[in-house]
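Participant: Given next are the chains, with one letter for each unit.
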Amino acid sequence: MAERRLTNTIRTLRFHAGEMTQAELGERIGVTRQTVAAIEQGKYSPTLETAFKIADVFGVRLDEVFQWGEGV
Amino acid sequence: MAFREKIAWLTLGTMLVAYGVYFGVVGPSVDFGARRMLDIVWTFGLVATAHAVAMIVGSIVIAVMATKEASARADERDRAITRRGATVGYYVLILGMILVGVVMPFTEPAWKIVNTALLAIVIAEAVCQIVVLLSYRRGWHG
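Protein sequence lines, in the order shown, are assigned to chains P and F. FYI, in the numbering used here the residues of the first sequence are 1 to 72. FYI, in the numbering used here the residues of the second sequence are 73 to 214.
Since the hints were made in silico from the structure, they are not lab data. Please note that the accuracy of each hint is not assured.
Said to hold, decoys possible - One side of the interface only, derived from the structure: several residues of chain F facing chain P at Cβ under 10 angstroms:
#: 1; residue: 73
#: 2; residue: 100
#: 3; residue: 145
#: 4; residue: 148
#: 5; residue: 149
#: 6; residue: 150
#: 7; residue: 210
#: 8; residue: 213
Glycine included, every Cβ here is placed at the ideal spot set by N, Cα and C.
Make a model of the complete structure from these sequences and hints.
Facilitator: Spelled out as structure tokens, the structure:
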């Protein structure tokens, strides 16, 4: 059985937000650019508060940003 | 590379060099204080001071190069990684302290106990920094 893990669509959402940079997103949610990169790559699972902040920046629901699905 | 990851590399690198010099060169040259306990104070003190100076200079250089990032507060990932490193390092330190505080006093002379305690502190801090670096490199979910 494949291991389930947290995945996200932040890269796509940034693209649709006028190619928003990781640094800009990080600044708006209060984390560093490296932390945004780690979240995007699935190397770090953000706190619930940060997850909601990310969804808020893009104006979408939380489950449109993060999904609990099959890992790669 | 994140500012705090660079600082962790600096800490680990300077530690390994400084205390490698103490335990490999300077310590043996005075028999680790076996003949005169005060030798431990000035040799280790000298090495620890050199380590502190290297850390201060290195941190300033990294901070100047990082500018904006250096003044930013640690974010949630930095804090989670720091906690993980400190937790693992703590258990290593506890093991070392049990060895030097509970076991060694029954069989070993004071100079050996002191040097083993210093080594335990160095190993615990090195383990802490290695865990921090691995967490930055491979990821850590907090």
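Participant: Look at each hint and say if it fits the structure.
Facilitator: Comparing the hints with the structure gives:
1. 73: It holds, given that the least Cβ distance between residue 73(F) and chain P is near 8 angstroms, below 10 angstroms.
2. 100: 41 angstroms, violated
3. 145: Cβ of residue 145(F) sits 9 angstroms from chain P, so the hint holds.
4. 148: It holds, given that the least Cβ distance between residue 148(F) and chain P is near 5 angstroms, below 10 angstroms.
5. 149: For residue 149(F), the interface hint holds, since the closest Cβ of chain P sits about 4 angstroms away, which is under 10 angstroms.
6. 150: With Cβ-Cβ at 8 angstroms, under 10 angstroms, it holds.
7. 210: This hint holds: residue 210(F) lies near chain P, its Cβ roughly 7 angstroms from the closest one there, short of 10 angstroms.
8. 213: 4 angstroms, holds
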